[in-house]
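In order, the protein sequence lines correspond to chains X and B. Heads up: the first sequence begins at 263 in my numbering, then just goes up one per residue. Heads up: the second sequence begins at 26 in my numbering, then just goes up one per residue.
One or more of the hints may lead you astray.
Unchecked claim - The calculated BS3-like cross-link candidates involving lysine-lysine, where the alpha carbons are at most 30 Å apart (straight line), are:
no., chain 1, residue 1, chain 2, residue 2
1, B, K169, X, K310
2, B, K273, X, K416
3, B, K254, B, K169
4, B, K36, X, K464
5, X, K494, B, K36
6, B, K254, X, K310
7, B, K36, X, K416
8, B, K93, B, K273
9, B, K254, B, K273
10, X, K494, X, K576
Just so you know, these hints were derived from the structure itself, not from any lab. All figures in this text were calculated on a predicted structure; none of them were measured in a lab.
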Amino acid sequence: MIRKRLSKVYERIAPWLFLSPMLGLTIFAWILPVILTVYLSFTDLSLKNFLAFIRDFFTDQVRFTLENFQRMFAGGDPYLATVLQVTALYVGSVLVFNAFFSLIMSISIAYFIRNEAISTALRILWLLPRIMPPVVYALLWHWFIDPDYGLLNKLLASVGIPQSLLPSSWLLDPPYSQLLMIMINGYVGASFGMIIYTAAIKSIPSDILNAAYVDGASEFQVARRIIIPMLKWPMLFVVSWQTLSLLASYEYILAVWGAGGGSEGVGIARAANVMVWSLYSYTKAFNDYQYGYASAISLMLVFIGVALIYLYFKIFGFRRLMEPSKVLER
Amino acid sequence: MRRRTFDIAAKYIVVLVTAVIPLIPVVAMFLWLFMQSVSGRVILSLIPAELTLDNWRFLWSPVQAGLKEYPNIWPVAFNSLLLALTVAGIVVFVSTMGGYSLSRMDFRGRSALMQFIIALHAFPSIILLIALFILLNAVGLYGKGYVTLLGIALIKAGLEIPMATWIIKGFFDAIPWDVERAAFVDGAGRWRTWRSVILPQILPGIGAVSIFSFLAGWSEFVMVYTFIKDEAYYTLSILIYYLIGEFKYIDWGLLAAMGLFYTIPTIIFFGTSQRLLLKIYVGGVKR
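Excised from the complex, chain X in its bound form (with noise of 0.2 Å):
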């Protein structure tokens, strides 16, 4: 009787005793953090309270204050105005990258190229950035980009751009800067639509296909008027998931450019031109030790998170956002 019943307590635990890992490490990796960073926004924490702060959550060292919204908001931060524009070119044009480019490279990749071993091959290329450790990704392209060892200004020479056109540096240079932070997003960024989409080419039922060649229709009408019509989910899709990961990204601007233009002045994306929203909010924390600012940075993009992945839910539902690169028929 008691051994009944005993299991049957047992039954109803076991679930959260597996799941207790799973929980602990999510309370603590992403629950604590959120909250953490509401409440730091709120405070003037920075490099004079720091210690007293870690020694004693309550000290009255760090005094509550609206002060870091007040200076996000109100002009205090003339530069924000800066980091908002270069943060808005950064997210559309690598957007358009990854989502409409990477859609055409994906039709030529995976239905184009009827030889399985060639669009491996390429789908593999592709990927490379994406595997790459970021550092190594970083490297590459100081290599690519040195104006008298590196590859591209030879390139771009060798197909007749003039020599007038080129930048000393492409680091440095912002209209080039700009366009080189997008160029190394956008090559990682490509291989999430190429996945997404590719798969989903690959879930067109071959009737449909087949259907289009019988009524005589070419490769190519096939492909603009059945297959992208087809991909609008996926599309819809990699667009907003993109949209969130690419306004919190900047590892590999950080790899590249540096926090910068702080105190210690170590890195050049402030010369260069490419601070972006969140990569400020590191520079803000890390370099010039203003947490309690950085984190009224960081919570707008915490908002902005939970704000569209709200709206994923209710686009999508719950078993798109499973399964995005199957093409469904609704």
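Use these hints to put chain B onto chain X, whose structure you have.
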């Protein structure tokens, strides 16, 4: 008929312009990495000349830049390995347990939890870095050498776990219920069933998740760069990052050799289990 020819031509032009020509930089970069690592200089950026092993000197002696001597590569490589293995170990352990529970057990809040995991997966974790920094400080995991590396491993694992759990759950879902029921009928408990009946069947999933999280830990840059200040606990990504600043324009050969050294595990793993990893990428791409 003319229209046909035009369409075929258009098709190949599209293939070339969108899928092949943009790959030139990527291919060139990789060729350069290999060529430059074994040569003193490269002709036309890509053809090796003056073959030498001098670029690989970091394998037997510490790298020097002026008066500064950078740490020896082997302890640094060991740190990277340690970080990657710890991340992989934690992720595999936690995600197999969680994935099993989500796939096989019925409890209140199960579907809510699954939605929460997907939401976490979509949420870009990197913006929480400041709070994580404070948190590490507060729990005493900051500035303490290997303990800090452990802290980074815990966070990194925590961030990988939503995706990993989801993938493992998919593998569990694919096992027929009957197999499990048979074990129950034979008198095995949950734990016993899990260990000796289920686990062997999801080994491919575990393999995929462990390779994936190993590579994530191996490549980790931002957190190590931000949290590790003591040279003794550098990982390869940070060492190479600082050396790029030091040797750019001066010694591309050294940088290429180090970069290649650092990338070898990635290339090996990706080469051997490319199919498996692609599957994961489809199921859970992060960025």
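query: Given the hinted pair K93 of chain B and K273 of chain B, is their alpha-carbon gap at most 30 Å?
result: Holds: K93 of chain B and K273 of chain B sit about 16 Å apart, inside 30 Å.
task: With a cut-off of 30 Å on the C-alpha distance, tell me whether K254 of chain B and K169 of chain B pass.
output: holds, 10 Å
Given pair status - K36 of chain B, K494 of chain X, alpha carbons within 30 Å: holds, 21 Å
- prompt: Quick one, are K36 of chain B and K464 of chain X close enough, alpha carbons at most 30 Å?
  reply: holds, 18 Å
task: Please work out if K254 of chain B and K310 of chain X have their alpha carbons no farther apart than 30 Å.
output: Given that 30 Å is the threshold and the Cα spacing comes to 20 Å, the pair holds.
- prompt: When you check the alpha-carbon spacing of K273 of chain B and K416 of chain X, does it fall within 30 Å?
  reply: holds, 19 Å
query: Is the hinted pair K36 of chain B and K416 of chain X satisfied, with a Cα-Cα distance of at most 30 Å?
result: holds, 29 Å
task: Decide if the proposed pair is consistent with the structure: K494 of chain X and K576 of chain X, CA atoms, cutoff 30 Å inclusive.
output: Roughly 17 Å between the alpha carbons, so the hint for K494 of chain X and K576 of chain X holds.
- request: Measure nothing beyond the straight line between the CA atoms of K254 of chain B and K273 of chain B; if it is 30 Å or shorter, mark the hint as holding.
  value: Between K254 of chain B and K273 of chain B the Cα gap is close to 22 Å, so the pair holds against 30 Å.
- prompt: Is the Cα-Cα distance between K169 of chain B and K310 of chain X 30 Å or less?
  reply: holds, 22 Å
In the structure shown, no violation is registered for any of the earlier numbered hints.
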